[in-house]
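Protein sequences appear in the order of chains Y and C. For the first sequence, the residue numbers in this note's numbering are 92 to 298. For the second sequence, the residue numbers in this note's numbering are 15 to 267.
Quick caveat, the hints were computed from the structure, so don't treat them as lab data. Just so you know, not all the hints are guaranteed correct.
[To be verified] Computed list of lysine to any residue pairs in SDA-like fashion (alpha-carbon distance at most 20 Å, straight line):
#1 Lys173/C x Asn210/C
#2 Lys173/C x Met194/C
#3 Lys263/C x His111/Y
#4 Lys146/Y x Gln108/C
#5 Lys195/Y x Glu244/Y
#6 Lys146/Y x Asn132/C
#7 Lys128/Y x Lys179/Y
#8 Lys260/Y x Asn132/C
#9 Lys233/C x Ser202/Y
#10 Lys207/Y x Lys263/C
[To be verified] Just a sample of chain Y residues kept apart from chain C, beta carbon distances all over 10 Å, derived:
#11 Phe115
#12 Glu116
#13 Glu182
#14 Lys197
#15 Lys285
All C-beta atoms in this analysis are idealised placements derived from N, C-alpha and C, irrespective of residue type, glycine included.
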Amino acid sequence: MICIINYDTGNVGAVHNMLHVLGFESTLTNNPDEIEKASHLILPGVGAFDHGMKKLIDLGIIPVLEKKVLQQKTPILGICLGAQLMCKGSEEGQQAGLGWIDAKVKRFPLSVDGNKLVSPNIGWNEVIPKKPEILFNELEMPRFYFVHSYFIECENRENVLCESEHGIKFDSAFQKGCIFGVQFHPEKSHRFGKQLLKNFIMKDGAA
Amino acid sequence: MALPRIIPSLLLKERGFVKTIKYKNPQYIGDPFNTVKIFNSLEADEIMITDIEATKKGIDPDFDFLKEIASECFMPISYGGGIKNVDHIGKLIQCGIEKVSLNAAVMDRPAFLKEASNKFGTSTIIAVMDIKKNMFGSYGLYSYSKTKKPSITLVGYAKQLEELGAGELFINNVDLEGTMSGYDATIIAEIAENINIPIVVNGGAKSLIDMGNIIKRTKISGAAAGSVFVYHGRNNAVLISYPNQREIKEIFE
């Protein structure tokens with residue numbers, strides 16, 4: 092079963108709906124027993140970094156997530172705030188992140204080369220793939236929907252799957268082993284998002 | 015940079031989509047489920063739904079109905095109308111609406127915007143400014159609900175909304191809505207120069223070219239329109255349409 096982690100941060104239903112249309116059943120849960128049995132995990136989320144981390148802590152699900160992801164290597168996809176929480180920390184808050192990936196979350200500058208930079212970055216953006224990765228299979232000229240004021244910067248460039256630009260270049264997707272993160276919202280990105288979710292679920296051949 | 019957004023603005027009245035002129039004489043356009051499905055299949059950048067009666071009548075958002083609509087949407091969707099408190103916003107997010115637009119409630123109680131943005135994140139909150147010319151021909155804030163308007167310039171109000179935590183500013187020209195006579199670029203440019211959050215404008219578009227031009231000229235993030243996407247031909251026959259990506263790219267070249 093695919094588990095979508097429900098931790099009171101935003102529009103988790105959209106991911107569920109899109110998986111359903113793709114023919115994959117998933118469950119919205121924060122129950123450790125259900126998470127334990129998951130074949131795939133999805134960590135969605137919008138909102139503030141500290142709020143998201145506190146919710147994960149309060150629900151007491153970080154140990155089971157770490158067991159699944161770090162020990163059992165269960166594939167996990169972080170979306171937007173979910174991807175940011177996998178990093179070491181964020182300029183948005185004081186809480187430490189999950190630290191699964193060597194990356195920091197930074198705030199967009201107010202201006203670039205003397206020109207003001209509009210923030211949050213809201214809208215569709217193209218991505219520049221940095222390596223051929225299974226997540227981007229069968230995606231030609233993909234574009235995705237972004238909504239964020241903070242961006243991910245990977246310390247290990249090997250982990251960067253693609254970059255995007257909003258005044259400056261930032262890392263719009265990363266991968267380290269079974270851990271995937273995307274800054275954009277596949278669940279709100281039409282066929283591009285559908286294909287990406289399908290690639291994630293099918294990456295080892297079967298759901 | 016994010017690509018400019020071309021947004022169909024859909025007006026809801028008693029569970030049907032309508033099109034108005036200056037927000038008067040609503041004409042039935044179609045069933046919301048079908049309409050949203052069509053925009054979804056045409057891969058629209060985003061859609062904006064506004065209930066034009068909820069605030070006036072003092073009724074809450076139609077949550078169950080919106081939930082059903084949102085389940086058809088694999089694109090960003092925003093909703094406005096009748097939102098009075100953070101519980102409403104929380105419920106809408108659970109329904110699958112990821113952005114809410116706030117207007118009258120914020121004019122009444124600016125602290126509501128701050129509360130909403132702190133709780134749900136700035137990028138969830140669109141602040142709406144309805145603007146209209148007064149009898150002397152200069153623009154001011156417009157309020158449907160006949161509540162007291164703040165005595166403040168439009169730029170001043172826009173800055174206030176930004177400071178209170180709006181993630182996006184929606185400038186809606188009430189005089190031009192549905193007229194298909196073109197956007198009024200001057201006032202938009204004046205506000206845009208002073209604001210650092212994304213701006214989307216509505217009111218007056220007659221064509222996709224119009225939408226492209228206003229975005230290029232005032233360097234805003236997106237343009238919304240109703241008639242452009244729901245009417246077709248000289249007699250304004252109802253036909254839902256949305257340009258493809260090639261057509262959109264062409265207008266920005």
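Evaluated hints:
The straight-line distance between the Cα atoms of lysine 173/C and asparagine 210/C is roughly 9 Å, inside the 20 Å bound, and the hint therefore holds. For the suggested pair lysine 173/C and methionine 194/C, the alpha carbons sit about 29 Å apart, so the restraint of at most 20 Å is broken. About 32 Å separates the Cα atoms of lysine 263/C and histidine 111/Y, which puts this hinted pair outside 20 Å; it is violated. For a cut-off of 20 Å, the pair hint linking lysine 146/Y to glutamine 108/C stands: about 17 Å separates their Cα positions.
Between lysine 195/Y and glutamate 244/Y, the direct Cα distance comes to roughly 5 Å. Compliance with the 20 Å bound is thereby established for this hinted pair. For the hint pairing lysine 146/Y with asparagine 132/C, the CA-to-CA distance comes to about 16 Å; that is within 20 Å, so the pair holds. Using a Cα cut-off of 20 Å, the hinted pair lysine 128/Y and lysine 179/Y is violated, with the two alpha carbons roughly 26 Å apart. Between lysine 260/Y and asparagine 132/C, the direct Cα distance comes to roughly 27 Å. Violation of the 20 Å bound is thereby established for this hinted pair.
Taking the CA atoms of lysine 233/C and serine 202/Y, the gap is about 15 Å. The hint holds against a cut of 20 Å. Straight-line distance between C-alpha atoms of lysine 207/Y and lysine 263/C comes to about 24 Å, which puts the hinted pair past the 20 Å bound. Distance check for phenylalanine 115/Y against chain C: the nearest CB is about 14 Å away, which clears 10 Å, and the non-interface claim stands. With 10 Å as the threshold on Cβ separation, the claim that glutamate 116/Y sits away from chain C holds: the shortest Cβ distance comes to roughly 15 Å.
Here glutamate 182/Y stays apart from chain C, with its beta-carbon at least about 15 Å from theirs, past the 10 Å limit. Against the 10 Å criterion, lysine 197/Y stays outside the reach of chain C, whose nearest CB is about 16 Å from its own CB. Not every CB of chain C is more than 10 Å from the CB of lysine 285/Y (nearest about 7 Å), against its label as outside the interface.
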